[in-house]
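Novice: Here's the letter readout for the chains.
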Amino acid sequence: RKEVEQDPGPFNVPEGATVAFNCTYSNSASQSFFWYRQDCRKEPKLLMSVYSSGNEDGRFTAQLNRASQYISLLIRDSKLSDSATYLCVVNDYKLSFGAGTTVTVRA
Amino acid sequence: ETGVTQTPRHLVMGMTNKKSLKCEQHLGHNAMYWYKQSAKKPLELMFVYNFKEQTENNSVPSRFSPECPNSSHLFLHLHTLQPEDSALYLCASSQDISSGISGEQYFGPGTRLTVT
Numbered sequence: 037r038k039e040v041e042q043d044p045g046p047f048n049v050p051e052g053a054t055v056a057f058n059c060t061y062s063n064s065a066s067q068s069f070f071w072y073r074q075d076c077r078k079e080p081k082l083l084m085s086v087y088s089s090g091n092e093d094g095r096f097t098a099q100l101n102r103a104s105q106y107i108s109l110l111i112r113d114s115k116l117s118d119s120a121t122y123l124c125v126v127n128d129y130k131l132s133f134g135a136g137t138t139v140t141v142r143a
Numbered sequence: 652e653t654g655v656t657q658t659p660r661h662l663v664m665g666m667t668n669k670k671s672l673k674c675e676q677h678l679g680h681n682a683m684y685w686y687k688q689s690a691k692k693p694l695e696l697m698f699v700y701n702f703k704e705q706t707e708n709n710s711v712p713s714r715f716s717p718e719c720p721n722s723s724h725l726f727l728h729l730h731t732l733q734p735e736d737s738a739l740y741l742c743a744s745s746q747d748i749s750s751g752i753s754g755e756q757y758f759g760p761g762t763r764l765t766v767t
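Protein sequences appear in the order of chains W and P. Basically this note's numbering = 1-based index in the first sequence + 36. Basically this note's numbering = 1-based index in the second sequence + 651.
Incorrect hints may have been included.
Stated by the list, open to error - Here are the simulated DSS-like cross-link-like pairs (lysine-lysine), alpha carbons at most 30 angstroms apart as the crow flies: (1) K687(P) / K703(P); (2) K669(P) / K703(P); (3) K687(P) / K81(W); (4) K691(P) / K81(W); (5) K673(P) / K78(W); (6) K130(W) / K81(W); (7) K38(W) / K691(P); (8) K703(P) / K81(W); (9) K78(W) / K130(W); (10) K692(P) / K670(P); (11) K691(P) / K78(W); (12) K115(W) / K691(P).
Hints are computed from structural coordinates only; laboratory data are not their basis.
Bound conformation, chain W alone (with noise of 0.2 angstroms):
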């Protein structure tokens, strides 16, 4: 089994709707959670630091489920702009990657 998984997608989502996508990590033990986002070949860029009690900033809510070892990320009212892969990582003392969901908004 993957240290970490994600769907690649696309998720493919009109202006204005919610999309949401988990990610899935192997170790129990993990300690803390993040999101990244990366845009077409271009570098990684923090989003959002995951906090056991969930964490919102703006349009976007992370949530981490310990019980069933996934975090999530849901962003509201989608942007053009939102449109990139987004990365889940897991920090267990070492630091795993997904692979990345792709999310794409169109007009």
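Place chain P on chain W using the hints.
Specialist: Structure of chain P alone, referenced to chain W:
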């Protein structure tokens, strides 16, 4: 943004060449990283430096040789590479990792390497 810079941005090299990738961070961080990103694959951590000292080498072949002269600069020296080494090489930095690796990292734009 100029937080983490990398040069060159693109590099084409033959299998017998020697080249170096350079990374510089202007964020006052003490930890620096090299990653390899191949198409459709997760980022692969290659090397980690903390306060100029190498703290992690993820079984990287010796044809990749890192160098960290100070906390702001990181190099990756390349020699006798193989075509399968073609990838995007990303540098990143973070705060001091003496108490554990940080998930909050700042990446440079990467060097797209093609080995012919």
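Novice: So which hints don't hold here, by number, going up?
Specialist: Those not satisfied: there are none.
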